[in-house]
Amino acid sequence: MAGQVAIGSRSGLRSALPLLLPAYLWLTVAIFLPLSAMVFFSFMTELPLSGKAWSFTLDNYTAFLSQGLYPTLLLASLRLGLEVTLWCVVVGYPAAYVLAKVLKGRSREAIFLLVILPFWSNGLVRIFSWAMVLREGGILDTALNAVLPIKINIDLMYSYPAVIIGLVHSYVPYMVLTCYLTLQAIDGSLIEAGRSLGASRLQVLKRIVIPLSMPGLVAGAALIFVPVVGSFMEPRILGGRTGTFYGTVIEDQFVAVFNWPLGAALSFILLAVVLVILAVASPILRRAA
Amino acid sequence: MRMPALTALLTATAVFTFALAFAAEADEVHVLNWKGYGADEPWAIAVFEKATGNKVVNDFFNSEQEMLTKLRTNPGLYDVVMINAAFNDQAMAEKLIQPIDVSKIPNYADISPDKSGSPMLDHDGKVYGVPWVWGLTALAINEKSFDTPPTSITEMWNEAHKGRVVIRDDAVEAIQFGAIATGQNINDIKDMDAVKAKLTSLMPQIKTFWSSENDWNQMVASNQIDIGTYWSGSADRAKTHFKLPVSLVIPQEGAVAWLDAFSIPAGSKNVAGAQAFINYMIDPTFYVEWVTKVGAPVSANTKAVAALPEDAFNRKVMGDPAVAKRIQFQAPITDAQREKYLALWQELKVNVK
Chain A
1 MAGQVAIGSR SGLRSALPLL LPAYLWLTVA IFLPLSAMVF FSFMTELPLS
51 GKAWSFTLDN YTAFLSQGLY PTLLLASLRL GLEVTLWCVV VGYPAAYVLA
101 KVLKGRSREA IFLLVILPFW SNGLVRIFSW AMVLREGGIL DTALNAVLPI
151 KINIDLMYSY PAVIIGLVHS YVPYMVLTCY LTLQAIDGSL IEAGRSLGAS
201 RLQVLKRIVI PLSMPGLVAG AALIFVPVVG SFMEPRILGG RTGTFYGTVI
251 EDQFVAVFNW PLGAALSFIL LAVVLVILAV ASPILRRAA
Chain B
290 MRMPALTALL TATAVFTFAL AFAAEADEVH VLNWKGYGAD EPWAIAVFEK
340 ATGNKVVNDF FNSEQEMLTK LRTNPGLYDV VMINAAFNDQ AMAEKLIQPI
390 DVSKIPNYAD ISPDKSGSPM LDHDGKVYGV PWVWGLTALA INEKSFDTPP
440 TSITEMWNEA HKGRVVIRDD AVEAIQFGAI ATGQNINDIK DMDAVKAKLT
490 SLMPQIKTFW SSENDWNQMV ASNQIDIGTY WSGSADRAKT HFKLPVSLVI
540 PQEGAVAWLD AFSIPAGSKN VAGAQAFINY MIDPTFYVEW VTKVGAPVSA
590 NTKAVAALPE DAFNRKVMGD PAVAKRIQFQ APITDAQREK YLALWQELKV
640 NVK
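Chains as they are written, first to last, in my numbering: chain A, 1 to 289; chain B, 290 to 642.
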C-alpha cells in the first residue's frame, strides 16, 4: 500500500512536469531573461545597441545618491504608495465585509461585478475618463453646481488628489478581492459567539473580524503598494505640474533620452528599496496576521 | 513521424518566406517616419504607387532615439527615413545613411538654398538629407483670453495667467525656450543659471506639461488654458481643421525652428524607388493637397509654398521675412547635453512640488 502511494506520487510529479513546463518556460523566457539583461545594462556606460564603445561602471547607481532629486522623488513615491494603500483599505475593506457577510445571492454577484469592472477596462481609458470628470467645467463640477445653491469651483484635475483618486480607483479591486476571501472564510458562529457573550459590535470587529482577516489585508496592501510606488501613467496624465514621481523619471530615461543603463539602475534601486521595506515589515505583518 | 513532419513544415514556411521576401523587395519602398506625418497619407501613397509602380511600406517611430535604433538594428530594411536635421550628423557619423544623388531628384532644384545648403545636411560636399518641411516651436494663445494677441514671450510669466499656462514636457524644448526668454543663442547656451532661474519662476504659472497635440487642443476646447508653447503646424491644424480659437504667436524675442529632411539609409535595396518617393514628397502637388486636407508645416520647396493661396498661414505668416530674422534653427545636440538638459528639467519639475 505504502509502495503504491510512493510510486503514485513519483509518477504524479512526472505527469505534473508537462503541466508545469509551460509556466516555467514562459517565466524564464519572458521575465527572467529580459530582467537579467536589464541588470547587465544597469552596469554599463552605453547601450551596446548604440554602436558605441561601452564599459562596466557603477556610475548609474552612484547617480542616485549624487543627485538629490532621485531620493526626494523616491520618498514622494513611497508616500504616494502608502496613501493610496491606506485609501484602498478605507474604501475596500468595508465593501469586502458587506460582500462577504451581509449580501447574499444575486445582489452579491451584482456588487461583485461592479467591483471588478475596472479590471475589464483599459487603464488609459480609465484615466482619461477621470480627466473628464475632474477638470474644471467637467462632469463633477457641472453636476455639483447644478444641485448646490451656491456656485463652487471644482478643478481637481492636474493635482495630487487627482493622482490619488485615479490610483485608488485602479487598485481598490485588489483590496476588495483579497479581503473578501479571508472575510468569507471567517466562521459566522465565531461572531455570533462573541455577540452572545456580550461583546459589542465594535469589539467583535476589533477582536475577531480584523485579526482573522489580517492576511487578506496584508496581501492586498502588498499587491497595491508595490506597483503604485513605480506608477507613472496616472501621475503623468492626472498630476500635471505635481505629477513628477520616481516612476516618471525612470520612464523619461527610457523614452526621452534613451539612457537605458540609468533607467535600469533606478528601477533596481526601487526594487531593492521595496524589498527592504517588505522584509522589515514582514515580521510585524506576520505577527499581525 | 511527427518530428519530420514539423521540420518539413518549418522548412516550407522558411522557403516560402524567403521567396516572398525576394519577390517583393524589388519594387517596395520601406519608409520610416512619424505616424500621421504626410508620408503615410493613403491618398498620397495611392498616387505615388500608381505613378511609379513602387509599393510603399510604412513603419513608424515615436522618438528620434527610436528611429536611430531601428536603423541600427535593421540594416538594409528601410529605403527612406525622415530625420530631423539636428540628428542627421549623428546618423551620418554612425554610417546609417548614404549620400544622395540629387540629380535623380528633379524637385531638389526648387528647394530654398538656405535649406538645401544647410551644413547640417551636407557633409564633405555630399548631400545626406533632402529638406522636406520646417516649422516653429513658438507660442499659441487661446483667443478667448486675449483682446489683442501678445507680442512678447514674457506673457507666459504674466500673473494674470497663473495656472493657465502650459509648456511641453520635453527637456530640450523647455531649456531652449528658456534660452530664448533670456536672450541667448539656443545652440550655444552660455548662462545656464539664467535659464534655470527663468524657468523656475515660470513653474508656478504652469497648469500642466502637455505631451501631445491632443492634450493642447482639449485644454483649449474646455477653456482651461490661456497660453503655452506650441508647434506652428499644430496651431494651424487646431485652427483650420478643428476650428478651435487658437492662434500662433511668434514672439519678438524669437522662436525655435526645426527642419525635417529625408535620407536614404545605407544598404537600401531600392535606391531608385527611394529617390522617386523623396521627389514626390517635396512636390508642390502633394504639398498643397497635404496642407488643404490635413494641415502641414512649411515646405522647404519654394515652388510648393508659392502654390498655396496668398493668405495661407504657411505662406503669409511663416514666409514673412521679419519672422525669418528672429527664428533660430536647432543644431545637433550631443547625448551628454541631452542628459544634462533632462537632469535640469527634472530638477525644475521636482522643485515645483
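Read the hints as simulated data drawn from the structure, not as lab findings.
Certain hints may be false.
Across the chosen pairs, the derived CB separations fall in these ranges [what the hints assert, rightly or not]:
| # | chain 1 | residue 1 | chain 2 | residue 2 | range |
| --- | --- | --- | --- | --- | --- |
| 1 | A | 68 | B | 383 | 20 to 26 angstroms |
| 2 | B | 501 | A | 151 | 31 to 37 angstroms |
| 3 | A | 152 | B | 335 | 51 to 57 angstroms |
| 4 | B | 624 | A | 287 | 26 to 32 angstroms |
| 5 | A | 102 | B | 501 | 41 to 47 angstroms |
| 6 | B | 347 | A | 104 | 38 to 44 angstroms |
| 7 | B | 383 | A | 278 | 41 to 47 angstroms |
Bear in mind that the values here come from a model prediction, so they are computed numbers and not experimental data.
Backbone N, C-alpha and C fix where the C-beta goes; we use that ideal spot for every residue, glycine too.
Q: Check each numbered hint from earlier against the structure, then list the numbers of those it violates in ascending order.
A: As far as the earlier hints go, 1, 4 and 6 are violated by this structure, in ascending order.
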